[in-house]
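**Student:** Here the protein sequences come in this chain order: F and Y. Each residue of the first sequence is one higher than the one before, starting from 1 at the first, in our numbering. Each residue of the second sequence is one higher than the one before, starting from 268 at the first, in our numbering.
Hints are computed from structural coordinates only; laboratory data are not their basis. Predicted model, so just to flag it, every value in this text is computed and none were measured. Idealized CB from N, CA, C, for every residue including glycine. It is possible that part of the hints are untrue.
Unchecked claim - Cβ pair distances, simulated, as ranges:
1) Y:K307 <-> F:S56: 31 to 41 Å
2) Y:Q351 <-> F:R254: 28 to 38 Å
3) F:G207 <-> Y:K407: 42 to 52 Å
Unchecked claim - Under the rule of at most 20 Å between Cα atoms (straight-line distance), these lysine to aspartate or glutamate pairs were calculated in the DMTMM-like manner:
4) Y:K402 <-> Y:E483
5) F:K184 <-> Y:D597
6) Y:K272 <-> F:D3
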Amino acid sequence: MIDFVMSCWDDEAGGFGAHPGHDAHLLSTTSAVQILVTQDALDRLDIPRVVKFILSLQQPSGVFAGDSFGEIDTRFICCALNTLSLLGHLSDLDIDKTVGYILQCKNFDGGFGAVAGAESHAAQVWTCVAALAIMDRLDVVDHETLAWWLAERQLPNGGLNGRPEKLEDVCYSFWVLSSLSILKKVSWIDADKLTKFILSAQDTESGGIADRPGDMADVFHTQFGVAALSTLGYPGLVDLDPVYCMPASIIASRGLNKDWEALPRRT
Amino acid sequence: MHHVKYVKQSPEAIAARKQREKAKIADFLALTDDILTRKKQSDWSKDAFDLTTRLLQVNPEFYTVWNYRRNILVNGLFPKSSPQEINELLANDLSLTMVALKAHPKVYWVWNHRRWCLENIPEGPEVDDPLGWRKAYWDKEMIVVERMLDVDPRNFMAWNYRRYVLASMPVPRSELAELAYTLKKIESELSNFSAWHQRSKVLTALWSDGRLDPVESREAEFDILHNAMFTDPNDQSVWLYHRWLIGSGDDKERLEGEIAVIQELLDEKRQSGDQESDNKWCMESIVYYKTMLIAKHSSSVDVVGLRTSCEDFLKQLMKLDPARRNRYQDKLTQLVSGHGVL
């Protein structure tokens with residue numbers, strides 16, 4: 001696995017692509033670093049080069065681009081914070097400048113969008129809230145309003161959606177729930193109903209979890225379903241760090257854990 | 268990955284499908300290999316360019332090949348081309364992305380390539396009409412994004428792209444025209460929060476520099492909202508927009524007026540005997556606005572009366588909307604303890 005990750009290194013750019021021979025991008029660089037950290041293999045990395053690659057993508061406005069072609073999105077701010085902190089280089093970042101852009105993405109409903117002016121979307125909310133948590137700047141979030149907006153994502157069937165009047169989807173169990181976990185308002189949704197919804201989206205024959213009951217399972221929704229179940233206290237799972245979407249023990253061992261809340265683990 | 272229906276397949280069916288796909292996969296891998304090898308060698312030829320066309324038509328999510336294609340244009344084809352020829356190359360790529368977008372409306376890489384094409388349209392066609400080509404392309408983009416939003420009115424990539432186009436056009440469109448567009452979308456689908464959101468952004472801009480009188484305009488917005496509320500009191504979008512319009516709650520008269528309207532709606536719903544659970548938004552909003560009255564205008568309102576009313580509504584909400592009972596309980600605790608926190 002480690003060898004595969006290293007084979008995705010783009011030496012020209014100083015970052016990781018999605019697959020061998022693919023161009024470096026912030027998304028795949030984040031995944032690569034998370035995997036290497038999980039596998040305790042950071043020694044394989046040219047850390048200064050990766051840090052340089054990440055920092056080079058910050059724009060004058062404070063947002064990050066995904067690569068040299070310049071697409072901007074708050075997802076990339078989250079990637080940058082996640083990766084820089086895991087690599088121990090958070091201090092290289094201009095925190096105020098980064099917070100400044102996130103503030104431009106804040107909407108009246110307490111939520112955040114992909115870019116300045118964009119509609120609040122649960123996934124972008126998570127990227128901004130997680131980034132702010134890493135920077136210890138949750139003070140700029142309107143906790144009550146945002147937690148309310150997040151709680152309103154729960155639909156009668158127990159599932160969560162990403163925006164008003166949209167359909168439920170298991171991956172929003174993660175984006176919404178982790179945000180609530182960081183804001184310490186997990187109790188504002190019905191945990192039991194959400195748990196039942198996630199479990200009902202399983203493929204009971206081949207395993208895995210889908211976006212909703214009746215659909216095909218995939219790795220993406222399996223990850224986010226399991227992550228959400230951990231926060232909901234599902235028995236037999238390890239604790240999830242909602243800021244990083246990684247095992248809490250790994251994040252804690254690096255001294256990066258923040259003050260979030262999860263439901264007690266049932267036995 | 269999203270919206271893929273579960274289909275149970277026998278091991279034989281799966282094996283048969285894999286056999287059929289084997290040839291396709293082999294072709295695709297060979298094409299990929301050829302392209303990535305040429306890329307490594309900095310091959311900026313027309314042949315390489317045509318290969319990327321073939322691959323991207325099959326898989327428009329292959330971001331590295333979009334990158335390579337742009338580099339071929341910049342390093343290989345543009346330097347040998349007249350402005351007119353560059354224009355044609357870009358027109359072609361815009362068509363390519365249009366086809367891709369119809370089948371893949373939510374693939375970031377396709378939208379990105381489209382933006383890149385627009386940003387590289389050369390000056391022309393004439394020296395005395397240097398913005399001619401650009402104006403034509405950017406104008407056309409408004410039609411493209413309008414079509415995308417007709418197909419999926421909530422596609423946030425399309426809405427973000429729309430804002431990008433409006434901000435980038437060489438001859439800016441009037442914000443009043445955009446305001447009318449948001450109304451059109453709202454009237455066709457009340458629950459389209461993306462349109463309400465856009466409306467809030469456009470109005471903010473129009474009020475900030477006085478192009479629209481905020482007082483008259485707000486009044487008109489409340490009228491629209493009242494109609495919407497009475498038409499579909501269940502629609503979350505309407506209540507969210509209402510909250511935006513109320514804003515900080517400094518206007519006491521407005522707050523009291525709106526509470527009265529919402530109460531009227533609630534009474535009407537109860538009289539007609541509709542499902543109680545339909546009234547959640549009325550109650551939630553009344554609690555929010557009454558709490559606002561307490562917080563902002565305590566010296567001139569019946570604080571005790573308002574607090575009692577809120578407590579009563581919150582207890583009802585706990586039964587009506589049990590999924591969020593803990594939130595209502597937290598609000599109740601705050602109220603009872605005398606903290607009018609919103």
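**Student:** Decide, hint by hint, whether the structure agrees.
**Tutor:** Taking the hints in turn, this is what the structure says about them:
1. Hint check: K307 of chain Y to S56 of chain F, Cβ distance near 22 Å, so the stated range 31 to 41 Å is violated.
2. Judged by the Cβ atoms, the range 28 to 38 Å given for Q351 of chain Y and R254 of chain F is violated: they are separated by roughly 57 Å.
3. G207 of chain F and K407 of chain Y have their C-beta atoms about 48 Å apart, which keeps the hinted 42 to 52 Å range intact.
4. Distance hint between K402 of chain Y and E483 of chain Y is unfulfilled; the C-alpha atoms sit about 34 Å from each other, more than 20 Å.
5. Taking the CA atoms of K184 of chain F and D597 of chain Y, the gap is near 13 Å; set against the 20 Å cutoff, the hint holds.
6. A distance of roughly 35 Å separates the Cα atoms of K272 of chain Y and D3 of chain F; the hinted pair therefore is violated under the 20 Å criterion.
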